[in-house]
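Combine the two chains into a complex, taking the hints into account.
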Amino acid sequence: DAGITQSPRHKVTETGTPVTLRCHQTENHRYMYWYRQDPGHGLRLIHYSYGVKDTDKGEVSDGYSVSRSKTEDFLLTLESATSSQTSVYFCASYRRMNTEAFFGQGTRLTVV
Amino acid sequence: QKEVEQNSGPLSVPEGAIASLNCTYSDRGSQSFFWYRQYSGKSPELIMFIYSNGDKEDGRFTAQLNKASQYVSLLIRDSQPSDSATYLCAVSRGGRAGGTSYGKLTFGQGTILTVHP
Chain A
951 DAGITQSPRH KVTETGTPVT LRCHQTENHR YMYWYRQDPG HGLRLIHYSY
1001 GVKDTDKGEV SDGYSVSRSK TEDFLLTLES ATSSQTSVYF CASYRRMNTE
1051 AFFGQGTRLT VV
Chain B
8 QKEVEQNSGP LSVPEGAIAS LNCTYSDRGS QSFFWYRQYS GKSPELIMFI
58 YSNGDKEDGR FTAQLNKASQ YVSLLIRDSQ PSDSATYLCA VSRGGRAGGT
108 SYGKLTFGQG TILTVHP
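Sequence order for the protein chains is A and B. Letter by letter, the first sequence follows residues 951 to 1062 in the numbering used here. Letter by letter, the second sequence follows residues 8 to 124 in the numbering used here.
Next comes chain B alone, as it looks inside the complex (with noise of 0.2 Å):
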């Protein structure tokens, strides 16, 4: 079993639609967690990241949380043909407060979304 899974994709779904993704993760001592999103041929770039059970909020971005089913998801409303990307879920051992664990991330394998006009 892969430490960080994410939902296989591709996904595709229209403009305006919510999109949805979906990651779990086997590590119990996570304590951070993170959405990248990766264009084609570039760096990953971080568009959220969440460390309470629960429900961020973020424009039109939604991390969701739940550690006891050791559940991350992200939600993208009103989807954009530029949210066109690779979505990548990330976890830390490393809390809040920062320090070496903190970046020491497992990565999913990503998940390819695609909003169509």
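Chain A on its own, in the form it takes in the complex (with noise of 0.2 Å):
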């Protein structure tokens, strides 16, 4: 694996809460990204980061925030965690110019 780690693996919240999920990755890479998966979705984009403290919505970004001030850590932020948020959360990052995306391997969130 290309040393990408998401933290927890596994949660369960309440309606109303905030949660945090970690992406820390340790090959310097520039691009990272947070996706989530749902049956019969597929993958689809939240946000996206192309460099330290720079960001930006991708295609389902209401409700979540995003920080990234440091290279190896991108943190995901659900300001209020809602039923619809269940889902299992990706992050991927890029190495620059090159063709593969290293995945994490996934946090499972429930909001109950």
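A few of these clues could be false.
Below, a list of computed lysine-lysine pairs in the DSBU-like style, where the Cα atoms sit at most 30 Å apart [unchecked claim]:
hint, chain 1, residue 1, chain 2, residue 2
1, B, K111, A, K1007
2, B, K9, B, K49
3, B, K111, A, K1020
4, A, K961, B, K49
It should be emphasised that the hints constitute simulated quantities derived from the structure, not laboratory data. What you are looking at is a predicted structure, and each value in this text was computed from that prediction instead of being measured.
This is how it looks when you write it as structure tokens:
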């Protein structure tokens, strides 16, 4: 594996609580991405980052925010979790001008 | 219409047969095309990428791209039970030079492939 880890791997939280998921990579990759995966939808891009403090919205960004204060860490925050945010979340990172995205192991989040 | 659509599946083939997985996309600005394999409970892993029209072969896998028809496919020859997984088609507006758009993938919903002995 390319040294990209997600934490926590599993989390159950209550509706209305804030939740932060962490993606940590040791490859010095510039580009990092957060996706969610739901049955029947494949993976959908939430937010992405093209460098420290440089982030932008993806396809399904409502209800999510991100931060990237260091190259190696990309944080995804659900400000006030809702049941519709129950999903499996994957982080991915790229080398510049390379062809392969390395995915983290995923975080299964359940909002009850 | 979904931006990336895959044959709905599930697809079941006998061991040793050719498995054919298909994908169509709607964004004509797409430049990069990927096939990922995902085992149950695991993260996606890249198995093939293609940028240009035509065929690209890598071992038992062949990716085919037809930009005029907005169609990309994956053929798996001599299918093995270990190929049983969900196959995800993904496209990107980014080209082979990389950059921000490259990693902004739009995925299809996936096709479940089962290879039975």
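ask   = Does the structure break any of the earlier hints, and which numbers would those be?
value = As far as the earlier hints go, not one is violated by this structure.
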